[in-house]
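Q: Next come the chains, spelled out residue by residue.
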Amino acid sequence: MSLLEVRGLQVHFPIKRGIVLERTVGAVRAVDGVDLAVERGRTLGIVGESGCGKSTLGRAILQLEPVTAGTVAFDGEDLARLKPTAMRAMRRRMQMVFQDPLASLDPRQSVASVLSEPLRTHGEKGPYDKRVRELLDLVGLPSSAASRYPHEFSGGQRQRVGIARAIALSPELIVADEPVSALDVSIQAQVVNLLEELQERLSLTYLVIAHDLAVVRHISDDIAVMYLGTIVEVAPSEDLYARPLHPYTIALLSAIPIPDPEVEDRRERVLLRGDLPSAADPPSGCRFHTRCPYRQPTRCDDEVPVLRTPEGFPGQAVACHWAEQVASGQLRPASSPVVATAPDG
Amino acid sequence: MSLTAGADLAAGSADSGATGEQAAGLYRDAFRRLRRSPTAIVGAALVALFVFVAVFAPLLAPYSPTAVDLTDIRPGVFPGPSAEHPLGLDQLGRDELSRIIYGARYSLLIGIVSLSLGAVVGLALGLLAGAFGGWVDGLVMRLVDIMLAVPSLLLAIGVAALLGPRLLSVMIAIAVVNVPIFARLLRGSMLAQRRSDYALAARSLGVTRGRIVLQHVFPNSLAPVIVQGTLALATAIIEAAGLAFLGLGSADPAIPEWGRMLAETNAFLASAPLLALWPGLAIVLSVMGFYLLGEALREALDPKLRR
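Residue numbers (this note's numbering), protein chains in the order written: chain W, 8 to 352; chain S, 77 to 383.
Pulled out of the complex, with its shape left as it was, chain W reads as follows (with noise of 0.2 Å):
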């Protein structure tokens, strides 16, 4: 059984109007149908543009976000159903690294009270010096830290302080939503290889979200690409990097350049068009249509795509009628020109 598993999980936010008399008008789908599932020990990747949902995702998951249909999972438990309280006694399984660190931590907090505050929160008994210090040992702090306030460390020094908090209480699932893009490049590699060191030591469960791919494709065993708030492709990650098979992902990798000039200048790269569209009003048929080098008359912009297996490719699942033509190049894209002339559907 799955540690984790999601499905059909929306998060719809309402968009009022009104002063006095609110009434609601439309709903933003930032997540908007997901099934994922992860095994125990392993690291799903999720990518995908900002404004994709990946965030709210992730809280969505760890129960932060009111989940408005679907299911989440933990260890076979629905995690909707539980009470308040076994919801709060739960939460010690799954933690959350969070994006900004600095942000993330209270800044009227010595670190000791930072790392002591899940550990009171959850009945255990104090002093907690000793564990406080062998959080900081295993993130890699002096202990010397515990005495001190967030702003007085560097952005990779609060990450880790971060990290020490979300594995005081020994979970088993953690969440870390982008947690290494509000850090120096030359930080990112550090902090990235903690989290791998501290996977084996505690043997961790992790849903790495972020936008970098680079990241993502070395922590992660596998890896979702998400695109307005929907799955469109889940694979192994190096089959994902060697092949991968739904446009928007093919456009994201292409999107990365390859340190030789030569080969770069004869790579063919899929250029996307235009931007994000509106979550409150997703495209017809497919999400992906309106951006699509690939999209076929009707069927993209009719029928919505189901996350499938296609033939030939074992392993991988994508949300696109047209996976197999597409991987065996039947399907060209569409230069930017002529598709910047052509009506939008």
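The set of hints was computed from the structure by calculation and includes no laboratory data. Incorrect hints may appear among the rest.
Pair ranges (Cβ atoms, derived) [said to hold, decoys possible]:
1) W/Thr305 <-> S/Gly264: 48 to 54 Å
2) W/Gln303 <-> S/Leu290: 57 to 63 Å
3) W/Arg127 <-> S/Thr142: 57 to 63 Å
4) S/Leu290 <-> W/Ser161: 27 to 33 Å
5) S/Ala225 <-> W/Thr305: 54 to 60 Å
6) W/Asp219 <-> S/Phe208: 38 to 44 Å
7) W/Arg127 <-> S/Ala225: 43 to 49 Å
8) S/Asp221 <-> W/Gln197: 48 to 54 Å
Taking lysine to any residue and the SDA-like style, the derived pairs with C-alpha atoms no more than 20 Å apart in a straight line are [said to hold, decoys possible]:
9) W/Lys90 <-> S/Gly286
10) W/Lys137 <-> W/Arg127
11) W/Lys90 <-> S/Thr284
12) W/Lys23 <-> S/Trp211
13) W/Lys23 <-> S/Leu215
From a predicted model like this one, the values you see are computed outputs, not experimental measurements. We treat Cβ as the ideally placed atom computed from N, Cα and C, and that holds for glycine.
Given chain W, put chain S in place with the hints provided.
A: Here is chain S on its own, set in the frame of chain W:
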């Protein structure tokens, strides 16, 4: 009266010292920055002078504020500054300097009492709205909107007129004006803090809502309230003077209240302009002290400068 006021101040600072252990980060930093700010030093010096004069008025004043010296008083003639009376005598032959010194007590008293009253009620409302949100927030804020819709001076005049010309009514009037300001400020600050990542982090740890609000959100929402408190003291002194000037202060003519002293010299402005200058100067300096200190505090507590 002023001694208890002084004790209140001392208790207040001792209080913040007790929580200082946890709060060290922000406030220690702010204090360090305050000590280097000329604005803060000038402001603090003026405030210190004002408080000192108010507390030790009986020791500092050369005469009683109500003692009358009629030796040199003739109709239409006001003896100016002299060796015995450095600031001269007022229209009833009372020592102006002593009255200014005693006046500080009333200004400070009115300021502190009205501020405390207004802040306590306002903060309670703000805490309610900020902690619960939803319809509680809506209800409290509409109430506050109603209070804000009435011009503050008009509101103060109304309250003073309703309760009669007493010192207490001035205090209540100014407190009422302060309530919506503090309520909105704390509520807004708390709403912002509630959406912060660290509040979310606490939730993800399983910390209960009540504890998140009381231990994380509320303490972190107080910085703008402290600044507002300092600025509100300045406003309270001006408003007290304004109400007294309009004849809505205490009816007791023996009370040396600056605004009222200003009003009483109105008729003699041509023959004794200095008598209007002294209380005016006292008001300006004390208000400026609190104002400068408040502005310096605002800068020192600005989280954007901390990164």
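Q: Hint by hint, say whether it matches the structure.
A: Going through the hints against the structure:
1. For threonine 305 of chain W and glycine 264 of chain S, the hinted distance range of 48 to 54 Å is satisfied, since their beta carbons lie about 51 Å from each other.
2. Checking the proposed 57 to 63 Å range against glutamine 303 of chain W and leucine 290 of chain S shows it holds: the Cβ atoms sit about 58 Å from each other.
3. Between arginine 127 of chain W and threonine 142 of chain S the CB atoms are about 60 Å apart, so this pair conforms to the stated range of 57 to 63 Å.
4. Hint check: leucine 290 of chain S to serine 161 of chain W, Cβ distance near 31 Å, so the stated range 27 to 33 Å holds.
5. Checked against the given bound of 54 to 60 Å, the beta carbons of alanine 225 of chain S and threonine 305 of chain W, roughly 58 Å apart, stay inside it.
6. The beta-carbon spacing between aspartate 219 of chain W and phenylalanine 208 of chain S, approximately 39 Å, falls within the hinted interval of 38 to 44 Å.
7. A hinted range of 43 to 49 Å for the beta carbons of arginine 127 of chain W and alanine 225 of chain S is consistent with their spacing of about 45 Å.
8. About 51 Å separates the C-beta atoms of aspartate 221 of chain S and glutamine 197 of chain W, a value consistent with the hinted range of 48 to 54 Å.
9. Of the pairs offered as hints, the one joining lysine 90 of chain W and glycine 286 of chain S holds, with about 17 Å between alpha carbons and a cut-off of 20 Å not exceeded.
10. The suggested pairing of lysine 137 of chain W with arginine 127 of chain W holds, with an alpha-carbon distance near 14 Å, which does not exceed 20 Å.
11. For the proposed pair lysine 90 of chain W and threonine 284 of chain S, the alpha carbon gap of about 13 Å is at most 20 Å, so the pair holds.
12. About 15 Å separates the Cα atoms of lysine 23 of chain W and tryptophan 211 of chain S, which keeps this hinted pair within 20 Å; it holds.
13. Distance hint between lysine 23 of chain W and leucine 215 of chain S is fulfilled; the C-alpha atoms sit about 18 Å from each other, no more than 20 Å.
Consistency note: the structure conflicts with none of the earlier hints.
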